[in-house]
Structure formats: C-alpha cells, structure tokens
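Chemist: Model the full assembly from the supplied sequences, consistent with the hints where possible.
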Amino acid sequence: MNLFNYIIWSPNPEIFPGIDWIEVRWYGLLFAAGFIVSQQLMYYIFRSEGKPEKDVDSLTLWMIIATIIGARLGHVIFYEPMRYLQDPVSILKTWEGGLASHGAAVGILLAIYLYINYFVDINPFKGKFVWKKQKRSGQSYLWVVDRIVICVAITGAFIRFGNFLNAEIIGTPTRSEYGVVFARDVIDRLEYMPQIDEVSLSKNKEGETDENGYVPVQIALTFDASVNSEALARQIVQTSVKSVLSSYEYVTLHIYEPNSSPLQYEIHQNTSGLQTAVIHSKGIARHPAQLYESISSLLLFVLLLYLWFRKKEKLTEGLLFGVFLVILFGLRFVYEYLKENQVAFEDSMSLNMGQILSIPLTLAGIWLLLNLKKVQPKPSKE
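If you want the numbering used here, it's the 1-based position in the sequence shown plus 1.
It should be emphasised that the hints constitute simulated quantities derived from the structure, not laboratory data. Where is the CB? At the ideal position from N, CA and C, for every residue including glycine. Careful: at least some of the hints might be erroneous.
Simulated pairs of lysine-lysine, DSSO-like, Cα-Cα distance not exceeding 27 Å [what the hints assert, rightly or not]:
| no. | residue 1 | residue 2 |
| --- | --- | --- |
| 1 | K374 | K313 |
| 2 | K312 | K379 |
| 3 | K374 | K312 |
| 4 | K313 | K375 |
| 5 | K313 | K379 |
| 6 | K136 | K340 |
| 7 | K243 | K204 |
| 8 | K374 | K52 |
| 9 | K52 | K134 |
| 10 | K340 | K94 |
| 11 | K52 | K136 |
| 12 | K315 | K243 |
| 13 | K379 | K52 |
| 14 | K204 | K134 |
| 15 | K52 | K340 |
| 16 | K379 | K204 |
| 17 | K52 | K375 |
| 18 | K312 | K375 |
| 19 | K136 | K374 |
| 20 | K136 | K55 |
| 21 | K340 | K204 |
| 22 | K206 | K243 |
| 23 | K55 | K315 |
Just the calculated beta-carbon pair ranges, DEER-fashion [to be verified]:
| no. | residue 1 | residue 2 | range |
| --- | --- | --- | --- |
| 24 | L373 | S91 | 39 to 45 Å |
| 25 | P263 | P361 | 51 to 57 Å |
| 26 | V25 | E267 | 35 to 41 Å |
| 27 | K206 | R84 | 53 to 59 Å |
| 28 | L373 | W132 | 32 to 38 Å |
| 29 | P263 | I69 | 47 to 53 Å |
| 30 | F120 | N13 | 27 to 33 Å |
| 31 | L304 | N13 | 52 to 58 Å |
| 32 | W132 | Y307 | 33 to 39 Å |
| 33 | R190 | S141 | 49 to 55 Å |
| 34 | I367 | E169 | 27 to 33 Å |
| 35 | I360 | L308 | 23 to 29 Å |
Modeler: Now the structure itself:
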C-alpha cells in the first residue's frame, strides 16, 4: 500500500486550544486576512490608475458588510428558510455557521451600486451620519466590479482554505484509497466521553483498502485513571466506543464501522500505568472539495490580476467580471458533484441548490463576455 495515497486530517480549528478566555479560529483569521489582503491590493490598484485611495476605505467597509449580510441571508433564504422563520433571532448567530457564497455575490453587487451612487459618512463617536446621492467621479459600475472580483477571488481562496481547516463543506467519498479522512469530529466525540483522556487517529500501515474503498485507520485511546483494569477498558470499548463509531451521525461520516461486526482492538497499559486501546477500523476517504475550490480561486486570482496588469485603466469594462462569473460559478457547478449536500432536501433534487444558483451567474458571465461592446460606458461630453 502506498502510504501517500490518503491523508488523515485532524487540525484543531482553534488557534489557541485550551485557553478558555480567548477563542480564535483559523477560519475567522483567514476570513479577516482575505479582506486585509484585498484592501491592500485595492489601494495599489486605485493608486496605479490615479483614483483616490481614500475611496478604498469606504469600498472595503461596503464589501465587509455586504459579504457577511449577503452570505448569511443567502443561506437563510436558499437553504434553511423554515428553520429561521421559526427562530428569526438565530439569523444573527453567524458564529454558528451558515454562509452562502451566492448570497455574498448578490450582496457585493448591490453594495457596489450603493458605493457608486451614494456618499456615506458615518462617525458614531461624533454622532455623524451623512447619506446623500452622489456619483463617484471616474468610477463606473463595471470599472469597480472588474477590480473587486480580483479581490473576491483571493478572499475566496482564503475562506475555502479556512473551510478545509474546519473540516466543513466536505466532499463525497472517493470510494478509493485516494482522498482525505476528516478525523476531527471523530476525535472530538470520543474525547467527550468522560473516561477517555486522549484520542488520536492515524493510518494503519498494516491494513489494506477494502473492496468498497474504505481505507485502514487505527484509533488510539488513552483512558483516565478511573479505568483501572483491562476488563473495564474492554467493556468501554465494546459498548460505548463501539456505539459512537457505529451510530453517531458525525462520526459515521468519516468512519465505517458496521453495527453487525465486532470491533478489532487491542488493550495495553502505557508507562504511566494508564489503560490504552488501539482500534483497527476503516476510514472514509473523501474529496477535499474545499481545497479544489481554494486552489481554483487562487488560480483565478492570478489570471484576473494578470489581465488587469496588461491593460489597467485601458481594460475593457466588464471583461474581468465576465471571466470571473464564468470560471468561478462554472467550476462551482462541477465541484458540487464532488461535495456532500448541505441540507437534507437537496438529496431528492437532480441538481442541488449550489448548482441551481450557479447556473444564472454563469450564464450572466457568458452573456457579458459576448456583449462587451454594448456595455461600455458612453464617452463623457466635454
């Protein structure tokens, strides 16, 4: 067996695990990093094309608000409307998850319209709030969108990598020895058991991938001092641990351990006198769909930035936006075949919600690329 065929992926989503007074997650850090990098890039773009750099601050604020609100409402409306109708307050609980990129796209496009056509100045420390209709000089709608999508692409790469670190938006099983076994949910659930102190999951170098494509893994458990005999350790493994591995929903997504089969395991005692167990089981290798999207977004960013560098202020308006829509959402349609559905109602659909929402955006990009001459701004009259 080639040991590099599949990997066990189990990073802690928290940057500082075990520190109760602070909870900083990799996803949140990468989300913020995407906006910071994007803002610096927009400073450079505006400076290169002779636009006021101070406008970037206003634009960045619009983008942050639009992304969060749009992504949240997109998830609420398209994926779980009934849940949030029953509990509207939970819409505000963005930390519980539930953001949709299609909603973010709509939010960003609306925010750019407001940025182009309105002047907003808010200073809560001075009690200042100014909102008035005022067009941005020298910045058409498509001009701004073309430059924003460069930043959206790199931010998307950061966010999808954050999803990978969080082991969320997982791919479908590869049914082969290639892929990623996401182990974090398995480890967290077993460590939640009161008599288990430590859990690790690794490849079983002696095992073989079975005919169903399940890959060999071993789960190492260290019991606490209350498990003071081999007999008690065996009882816990055969009952509680077996039940978790065979029946717990978030574990069975990643471990294949049939109810009808006895666990294959060994009990030992470590040098500290604690009982340990090594369970020989099967892992479910999945497509790292988050990485597919992250890498695609990064490559799209490179392409868009290259196209901008070639022409800059002479760039045909709408070109970058059209390329962005076609590539990003065209690939999103394809990648959805390699991802687990987000909500149960999608299981009965021939196309899932992500694919349905990607179709009009991809078609809009194709239309835009075919009609670039028609959408160019009219030359201003001297």
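Chemist: Next, verify each hint and record whether it holds.
Modeler: Hints and how they fare:
Taking the CA atoms of K374 and K313, the gap is about 18 Å. The hint holds against a cut of 27 Å. A distance of roughly 19 Å separates the Cα atoms of K312 and K379; the hinted pair therefore holds under the 27 Å criterion. As the CA atoms of K374 and K312 are separated by approximately 16 Å, the hinted pair is consistent with the 27 Å bound. Of the pairs offered as hints, the one joining K313 and K375 holds, with about 20 Å between alpha carbons and a cut-off of 27 Å not exceeded.
The suggested pairing of K313 with K379 holds, with an alpha-carbon distance near 19 Å, which does not exceed 27 Å. This hinted pair does not check out: K136 and K340 have alpha carbons roughly 42 Å apart, beyond 27 Å. Straight-line distance between C-alpha atoms of K243 and K204 comes to about 19 Å, which keeps the hinted pair within the 27 Å bound. Between K374 and K52, the direct Cα distance comes to roughly 24 Å. Compliance with the 27 Å bound is thereby established for this hinted pair.
For the suggested pair K52 and K134, the alpha carbons sit about 20 Å apart, so the restraint of at most 27 Å is met. For the suggested pair K340 and K94, the alpha carbons sit about 25 Å apart, so the restraint of at most 27 Å is met. Proposed proximity of K52 and K136 is supported: the alpha carbons are some 14 Å apart, at most 27 Å. Distance check on the hinted pair: K315 and K243 sit about 65 Å apart at the alpha-carbon level, beyond 27 Å; violated.
As the CA atoms of K379 and K52 are separated by approximately 19 Å, the hinted pair is consistent with the 27 Å bound. Restraint check: the Cα-Cα separation between K204 and K134 comes to about 62 Å, which exceeds 27 Å; the hinted pair is violated. For the given pair, K52 sits about 41 Å from K340 by alpha-carbon distance, which is inconsistent with the 27 Å threshold. Taking the CA atoms of K379 and K204, the gap is about 63 Å. The hint is violated against a cut of 27 Å.
Distance restraint check for K52 and K375: the Cα-Cα separation of roughly 25 Å lies within the 27 Å cut-off, and the hinted pair is therefore satisfied. Taking the CA atoms of K312 and K375, the gap is about 19 Å. The hint holds against a cut of 27 Å. A C-alpha spacing of about 23 Å is found between K136 and K374, which places the hinted pair at or below 27 Å, so the restraint holds. Only pairs whose Cα atoms come within 27 Å are accepted, and K136 paired with K55 is accepted, the gap being roughly 15 Å.
Distance hint between K340 and K204 is fulfilled; the C-alpha atoms sit about 24 Å from each other, no more than 27 Å. Note on K206 and K243: the hinted pairing holds, with a Cα-Cα distance of about 22 Å set against a maximum of 27 Å. For the suggested pair K55 and K315, the alpha carbons sit about 22 Å apart, so the restraint of at most 27 Å is met. Look at L373 against S91: about 43 Å separates their beta carbons, and that is inside 39 to 45 Å.
Between P263 and P361 the C-beta distance comes to about 52 Å, which sits within the given range of 51 to 57 Å. The hint said 35 to 41 Å for the Cβ distance between V25 and E267, and at roughly 38 Å that hint holds. Taking 53 to 59 Å as the suggested C-beta distance range, the pair K206 and R84 does not conform, at roughly 44 Å. At about 33 Å, the CB distance of L373 to W132 agrees with the hint of 32 to 38 Å.
Checked against the hint of 47 to 53 Å, the C-beta distance between P263 and I69 comes to roughly 49 Å, which is consistent with it. Hint check: F120 to N13, Cβ distance near 45 Å, so the stated range 27 to 33 Å is violated. At roughly 34 Å, the beta-carbon separation of L304 and N13 lies outside the given 52 to 58 Å, and the hint is violated. Checked against the hint of 33 to 39 Å, the pair W132 and Y307 passes, with Cβ atoms roughly 38 Å apart.
In this structure the supplied range 49 to 55 Å holds for R190 paired with S141, their Cβ-Cβ distance being about 53 Å. Evaluation of the 27 to 33 Å hint for I367 and E169 yields a pass: the beta carbon distance comes to about 31 Å. Checked against the given bound of 23 to 29 Å, the beta carbons of I360 and L308, roughly 25 Å apart, stay inside it.
The structure does not agree with the numbered hints 6, 12, 14, 15, 16, 27, 30, 31 stated previously, though it agrees with the rest.
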